[in-house]
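Start from chain A and add chain B according to the hints.
Residue numbers (the numbering used here), protein chains in the order written: chain A, 135 to 755; chain B, 135 to 755.
Accuracy of the hints is not assured; some may be wrong.
Since copy identity is lost for identical chains, a pair holds within one copy or between any two.
Claimed, not checked - Taking lysine-lysine pairs in the DSSO-like style, the calculated list, with each CA pair at most 27 Å apart, reads:
#1 Lys198 to Lys591
#2 Lys440 to Lys257
#3 Lys294 to Lys314
#4 Lys465 to Lys289
#5 Lys720 to Lys289
#6 Lys465 to Lys388
#7 Lys314 to Lys289
Hints in this document: simulated from the structure, not taken from any laboratory.
Number of protein chains: 2
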Amino acid sequence: MKEFSVKFILPDGFLIFKRPVIKTATVAKGTDLLTAATKAGVILNATCGGDGLCGKCKVVVNKKTVPACETLVESDLEVRVPKGSLEVRIKSSLSAEEFTKGIVLKRENAYKHSPMVRKIYLKLPELTANDNASDLDRLYRELAGKIDGVHISAKFASVKFLSGTLRDSDFQVTVTLGLKDGHFEIISVEPGDTTKASYGFAFDIGTTTVAGQLVDLNTREILGTRIAFNKQAAYGSDVITRIIFASVPEGLEKAHKAVVSNMNEMIGDLIKAYKVNLADVYAIACAGNMTMMHLLLKVDPSAIRKPPYLPATTAFPTIHSSEVEIEANPKGLISFLPGVSTYVGGDIVAGILACGIFETDELSLLIDIGTNGELVLGNKEWMIGAAASAGPAFEGSGLSCGMKAVKGAVQKVRIDEDLSVHCDVIGNGKPSGVCGSGYIDLLCQMLKRGIIDKSGKINKDTKSGRIRLGETRPEFVVAFKSESGAGKDVVINEDDIENIKRSKGAIYSAVIALLAKVEKDIKDVKKIYIAGGFGNYLNIENAICIGLLPDVERGRYEFVGNSSLAGARMSLLSTEALEKTGDIAKNITYIDLSAEPAYMDEYIASLFFPHTNLWRFPSVR
Amino acid sequence: MKEFSVKFILPDGFLIFKRPVIKTATVAKGTDLLTAATKAGVILNATCGGDGLCGKCKVVVNKKTVPACETLVESDLEVRVPKGSLEVRIKSSLSAEEFTKGIVLKRENAYKHSPMVRKIYLKLPELTANDNASDLDRLYRELAGKIDGVHISAKFASVKFLSGTLRDSDFQVTVTLGLKDGHFEIISVEPGDTTKASYGFAFDIGTTTVAGQLVDLNTREILGTRIAFNKQAAYGSDVITRIIFASVPEGLEKAHKAVVSNMNEMIGDLIKAYKVNLADVYAIACAGNMTMMHLLLKVDPSAIRKPPYLPATTAFPTIHSSEVEIEANPKGLISFLPGVSTYVGGDIVAGILACGIFETDELSLLIDIGTNGELVLGNKEWMIGAAASAGPAFEGSGLSCGMKAVKGAVQKVRIDEDLSVHCDVIGNGKPSGVCGSGYIDLLCQMLKRGIIDKSGKINKDTKSGRIRLGETRPEFVVAFKSESGAGKDVVINEDDIENIKRSKGAIYSAVIALLAKVEKDIKDVKKIYIAGGFGNYLNIENAICIGLLPDVERGRYEFVGNSSLAGARMSLLSTEALEKTGDIAKNITYIDLSAEPAYMDEYIASLFFPHTNLWRFPSVR
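So here's chain A without its partners, still in its complex pose:
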């Protein structure tokens, strides 16, 4: 049978990384366009069900508007989909399966396998006339032998049909218990043995990026991961504009709904991909910065931006997922990692849990490079934390060709002597843009090849077609349009470089100022954990080369990727770990760097590649 290819070009609102989204399906001759669209994953409005009555599935073929349900495919076609005809938004999520599982840390299973929700299969003894304990008491009696010394309670919703369930299942049931307010609560009672079906999600809610992960609560296996831009970006790119937006109830509601929609899309996407029932998703653990937690939980964040910059709360109790409109088992639980202060949130506490700084004798440092840069220095005796206004450059945001570490992003760069550029692209396709780790490599290589000088200016005397004056400023071409997947040249310009320089300077100077605060030297730090949304890759050597990281023995560094997500995952899988997050948050003392006189001087000195004081970078010099 003859087959044709149909390309659906989605409207502007569906740009992903500034490229229009194109979805393609190969269909048999004579297939209608509505069917073809569905096959391509494009869900068109069709309230009449494709009967040609509602007229809502209009598409544009050869500049003519036609109803998709009544137009048959007779050749290869390009179909433009107007915005109004689309029923569903296309998720901007990570595509390449090889990146979906995230970094698994050495400490992954450091704590007892004890998920916040657990299932227990029970065979209750037969009913007898002289035992008049209620059905629930009989359940408690049986559970008492299985879960020691824990007070168990029941939500009404969970025992509504208890009597029927017990009798219909011959008193052989699976009880799902969740830890909430310090005791186990019955989440559900199901007939038969369903212990195998128990899933959870870990989330890292960042200002720019949201990451979610489906985990099998029994095996601790990470099934899949999705990352997406935080939809709140529509209401402001940084926390301050979002707080202003959310300082009125309607704004708060919108900001809340935006991130909930991020989370629900990821849940929906992953359970579909891994054939998990939504009702079997019982537990969620979330880490995020303080503002993100306020917005997710619809807590007025307005005091955060008024002196003395206080959050409404730093700790959030475990609640039912339905209370925040998260689509999982509505009686399932969602817990939130506690934060330290306005600028050191639950994401950093999660990172500390993941790296284990609070359990080691060695002086250690965690540097989390996200939309902001946060640092924690310490050991099991003490910890201090601080924040640096680094901006989202290393998340690929705010740069002319920046993108997140997803398919199509340049994550590694080598520049030859002849200035030819070799890119390592996530997913092995054509480069569409550059992610954080790619920019670090790029700048380092540009410095080495003399394309830029120490201040970040592009050397216009260099003879290469890649160096040119862009619209308003000099730029370097990483990939020409012909090699690119973006339909245009992929470039880095002087504004981008300035942007990255400030980011790296903010982080480096914060490290130095924080050490100075406790009269320590970087040499005293035995272990440096680097976290952030760089993808699964960060070239430490190159990060030192550009002056982002201090120039110490490379063996002291460990790249831990999204440690916030890792900490959330560990909390999901171990109530012991979740409990420790409370201790961690209490034990970190927040240092306000803007009140430290040394900080500004350090910052100014760091606005060079690698630094004004080259003696600090002996191996780079």
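Same frame as chain A, but now just chain B:
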């Protein structure tokens, strides 16, 4: 005509908030004190009907004891009423506002005044730059000094606008705390000092009747009471038919909504009458039988009617009122008194709390006569409980002219030698029907006048227009259509009598069988508490006369009215009392009378007025 004012000072048991209850009437010179007392709403014993024969209406005037029916008012008077002379206690009723506050028990304030919801006014210290505790932590810090050793948590909904509330109110706020799951939870944070506005409701959810009471949580004052028929009656008059109805989800939903509607109407009515804001109603305590609790909470009750007759649960945790659609402050709490077993519910546990049986050395008995009859026998060492299928006759249900103790009900009856009938009608209007206490009087008087024989058959030979053959069976006319408010004759027929005989027989024989179970005699019982919805009045003498209650020294009896409502109210006002209900429920052993061989024999023997074995009723004989 010359008029005088007569003040009746009621005895100790009728103290309201430690003040004696005083009732006043203005009467014409020469009026007898019995009539004056009735006018004042003080119902004195006068089994002879004021003929100066029984000597039971004794009162004290100028330190001299005189019969009220023979003492005439010649001046303004103060009359002390001894306890033994009172026939009626103040009780909740729909009609007369003076009766709406219910019986206040001696033990009313036996437990520490500690409502399950409490308000605390806080003035927080000023913000300083070097204190970066979150707003919530600042609140906790301040509360720690006010509420000792209690873990406090916050619902998100309660702290959503915390930051704004604190700043708008100059950090002077009232925090409302509710005890739930063993710790205090923040229910609301309001600007300024609102501690004065704090209200709660106590409910007794009976199969036939629902009673609700508005209480000021600060002063412990009962503001008002309402009673109504349980709207579930539309789905069956007894628990079995309701369970069958509610054994499918739609039926359960309907039964739930019916009783919730009862409760919401009472709340709406009372807050309007007493000018209370709905948002200031923070706490509700409910007592009811096991089936009523299942239906209220939408828990499938179907196992209750299948052997071995188990409830889904006997204990229900405190939840938010909005979780059961009760219209109060949605973050406010609703607690439920726990039950013992299918047939001994939270209403009986409430009664035990109210009467204090579990705290006394003396062997005591509680008989609660509602739709069923329930009994608890014991003391502080042990308690046993049982149920008797008495049916709702004493609630006025299932009888040809039966009605609840509301306006228009005959609550007291005297029949003269010439068979003329004198009715005391609630609200002083025309009789519309007869309530429980009226039937007791009526049967007693009919026995005395020979209108019925010991088996309950109407003596058709008696010459009176009141005795006739009704449609199918003999009947006695209590009030002819012309005297009646019902638009028809108010009658009692042989079926009614048979019905009441079975009811009273079921209760009496249960008392005897329960005593036999522990090898005790009724003489060993030092205190007998009679509870039930008879209205404002129960003539113990007449109840013994018909064989409903055992023939013991009258001083051992105490009529406690709706003790379920009283216990709910005590639990509302004292977390100590609420906690004790758990202990009470645990310490009552349920006895299945139907498994006791003695019970059926006793029942058969009790199907006479007063009893087959007359030696058991020496004072009646």
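We went through each hint and held it up to the structure:
{"no.": "1", "hint": "Lys198 to Lys591", "in the structure": "neither (45 Å within a copy, 95 Å between copies)"}
{"no.": "2", "hint": "Lys440 to Lys257", "in the structure": "between (58 Å within a copy, 20 Å between copies)"}
{"no.": "3", "hint": "Lys294 to Lys314", "in the structure": "both (20 Å within a copy, 20 Å between copies)"}
{"no.": "4", "hint": "Lys465 to Lys289", "in the structure": "both (9 Å within a copy, 16 Å between copies)"}
{"no.": "5", "hint": "Lys720 to Lys289", "in the structure": "between (31 Å within a copy, 21 Å between copies)"}
{"no.": "6", "hint": "Lys465 to Lys388", "in the structure": "both (24 Å within a copy, 23 Å between copies)"}
{"no.": "7", "hint": "Lys314 to Lys289", "in the structure": "both (11 Å within a copy, 13 Å between copies)"}
Consistency with the previously given hints fails for number 1 only.
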